[in-house]
Amino acid sequence: MPDVGIVGYGAYIPRYRIKAESIAATWGADAENYKRGLQLREKSVPALDQDTITLSVEAAKYALKRAGIDGSRIGAAYVGSESHPYAVKPTGTILAEAIGATPECHTADYEFACKAGTEAMYNVYSQVKAGLIEYGLGIGGDTSQGAPGDALEYSASAGAAAFVFGRGNLIASVDETYAFMTDTPDFWRREHEHYPQHAGRFTGEPAYFKHTLGAANGIMKKAGMTADDFDYVVFHQPNGKFPMAAGKRLGFPREKIETGWLVPWLGNTYSGASPLGLTAVLDVARPGETILMVSFGSGAGSDGFIFTVQDRILEVQELAPRTRPQLDENKIYLDYGRYAKFRGKILRNK
Amino acid sequence: MKIRSPRYHRETPQRYRLEAAKTESGKVYFPPRVYYPGGEKAQPYKMSDRGRVITYTVIHTPAAEYSDLAPFAVGIIELEGGGRITAQIVDVDPSEVKTGMRVKVEFRRMRTEGDEGLLCYGYKVVPE
Numbered sequence: 062m063p064d065v066g067i068v069g070y071g072a073y074i075p076r077y078r079i080k081a082e083s084i085a086a087t088w089g090a091d092a093e094n095y096k097r098g099l100q101l102r103e104k105s106v107p108a109l110d111q112d113t114i115t116l117s118v119e120a121a122k123y124a125l126k127r128a129g130i131d132g133s134r135i136g137a138a139y140v141g142s143e144s145h146p147y148a149v150k151p152t153g154t155i156l157a158e159a160i161g162a163t164p165e166c167h168t169a170d171y172e173f174a175c176k177a178g179t180e181a182m183y184n185v186y187s188q189v190k191a192g193l194i195e196y197g198l199g200i201g202g203d204t205s206q207g208a209p210g211d212a213l214e215y216s217a218s219a220g221a222a223a224f225v226f227g228r229g230n231l232i233a234s235v236d237e238t239y240a241f242m243t244d245t246p247d248f249w250r251r252e253h254e255h256y257p258q259h260a261g262r263f264t265g266e267p268a269y270f271k272h273t274l275g276a277a278n279g280i281m282k283k284a285g286m287t288a289d290d291f292d293y294v295v296f297h298q299p300n301g302k303f304p305m306a307a308g309k310r311l312g313f314p315r316e317k318i319e320t321g322w323l324v325p326w327l328g329n330t331y332s333g334a335s336p337l338g339l340t341a342v343l344d345v346a347r348p349g350e351t352i353l354m355v356s357f358g359s360g361a362g363s364d365g366f367i368f369t370v371q372d373r374i375l376e377v378q379e380l381a382p383r384t385r386p387q388l389d390e391n392k393i394y395l396d397y398g399r400y401a402k403f404r405g406k407i408l409r410n411k
Numbered sequence: 003m004k005i006r007s008p009r010y011h012r013e014t015p016q017r018y019r020l021e022a023a024k025t026e027s028g029k030v031y032f033p034p035r036v037y038y039p040g041g042e043k044a045q046p047y048k049m050s051d052r053g054r055v056i057t058y059t060v061i062h063t064p065a066a067e068y069s070d071l072a073p074f075a076v077g078i079i080e081l082e083g084g085g086r087i088t089a090q091i092v093d094v095d096p097s098e099v100k101t102g103m104r105v106k107v108e109f110r111r112m113r114t115e116g117d118e119g120l121l122c123y124g125y126k127v128v129p130e
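Just so you know, the sequences run in chain order A and B.
Numbering-wise, the working numbering comes out as the position in the first sequence, counting from 1, plus 61.
Numbering-wise, the working numbering comes out as the position in the second sequence, counting from 1, plus 2.
Fair warning: there could be bad hints in the mix.
Unchecked claim - What the simulated footprint calls covered on chain B by chain A, stretch by stretch (three residues with Cβ under 8 Å from a Cβ of chain A suffice, anywhere in the stretch; the number is not a length):
hint, region
1, 8-19
2, 97-105
3, 119-127
For the record, the hints were derived by calculation from the structure and aren't laboratory data.
Keep in mind it's a predicted model, so treat the numbers as computed, not measured.
Glycine residues also receive a C-beta, built at the ideal position from the N, C-alpha and C atoms.
With the hints as constraints, model all of the structure from the sequences given.
As structure tokens, this is what we get:
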């Protein structure tokens with residue numbers, strides 16, 4: 062059994078929400094199309110004083126609490142996001158300072174559309190496995206952007222998930238990893254642009270499905286496993302439809318996908334999307350259960366992980382707020398006007 | 003008004019991590035001082051992230067840089083284990099804030115200096 066893996070995890074979801082109906086009413090669109098077709102009912106919205114850094118810090122604190130270690134023992138802190146608040150100045154330094162990991166800590170900010178979070182996890186895991194650090198934090202978090210009136214506005218949301226990787230005392234071992242990547246122009250944002258561009262339907266088959274299925278099939282082949290060997294599967298979730306379709310094509314029944322399928326109520330938290338799906342699974346997982354996780358980032362690529370849940374999971378699940386209650390409880394709904402103000406979409410005098 | 007980098011940087015142990023000092027008699031000072039009343043000695047002390055509202059006021063007409071947040075509550079919070087902070091109480095309608103209410107400290111963006119300046123982070127509290 063591998064002795065390197067996750068020793069603590071944390072999720073943070075802002076309290077604010079906007080319903081698909083509120084967005085559709087503003088733009089004269091049919092909300093039912095988004096709710097039925099893409100299965101997007103509502104999404105999280107960051108508060109005026111929240112950004113990728115604040116969300117990541119809260120998720121990291123919960124992860125440290127579950128890991129039972131002090132921030133000073135974190136040897137590397139990597140944050141994946143496509144909404145790092147500064148163009149030049151690392152998210153990681155502020156995060157590391159806030160959790161008390163400085164100065165003996167390596168930090169880096171990752172960007173790879175929605176895959177940046179699992180990149181951070183992969184590299185922290187690799188450093189622990191190589192024996193370079195004792196513990197490290199891999200974080201995926203975003204306050205993602207969608208242009209007003211665009212289909213992305215119904216999904217682009219906010220949240221963060223953090224994972225402490227270490228050796229021994231695991232809550233989930235990393236049994237296998239895999240990466241699948243090509244140069245695919247499905248979604249991008251140029252420097253100084255506020256909102257991303259996407260290639261419409263090209264984001265589906267040649268982008269999301271090719272890489273998600275490629276990584277899932279690749280990692281299962283590498284591990285000598287099939288869909289039947291897993292208790293849960295977590296995919297990147299840009300909308301409700303894509304992960305369910307990917308799961309079906311890979312032979313996973315709906316019930317193995319649903320626990321980590323948060324997007325109808327959360328939206329697409331970009332770099333936080335599959336990591337938050339994983340925290341929702343870890344919240345309820347039992348020792349011995351196996352999890353397949355496959356992220357996807359436009360551009361395009363997917364990272365795959367296979368985890369086996371360890372006995373210690375039962376001791377840590379209650380130590381910090383679980384994912385699903387943060388999603389389902391204490392919500393504050395915004396109308397489109399307040400949402401536009403919160404997201405800085407109103408043109409104002411300086 | 004812009005905050006100078008040296009001042010912002012100097013205050014990060016308190017603003018980011020609630021680093022205080024506890025004297026031999028158990029009194030908590032935030033921020034830590036150079037000298038303590040009665041010549042007492044003090045040790046570094048990390049304050050709790052849980053507490054309750056001792057008193058509060060609601061700001062309807064704040065300074066221009068906080069106008070987007072108005073109206074908002076600012077309260078004095080007594081933290082578990084000792085120490086008090088003055089903090090904005092967010093993620094709640096100010097009319098729902100009550101004395102004695104239990105709150106949790108969260109890391110938030112305190113100030114945004116236009117499109118070019120520093121982003122300043124620190125503590126606020128939210129209902130627990």
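Results of checking the hints against the structure:
Check on the region 8-19 of chain B: 3 of its residues sit with their Cβ under 8 Å from a Cβ of chain A, so the three-residue criterion for coverage holds. Beta-carbon proximity to chain A at under 8 Å applies to 0 residues in the region 97-105 of chain B; the threshold of 3 is not reached and the given coverage is violated. Interface restraint, the region 119-127 of chain B with chain A: holds (3 residues with C-beta to C-beta distance below 8 Å; minimum three).
When each numbered hint is compared with the structure, a violation occurs for hint 2 only.
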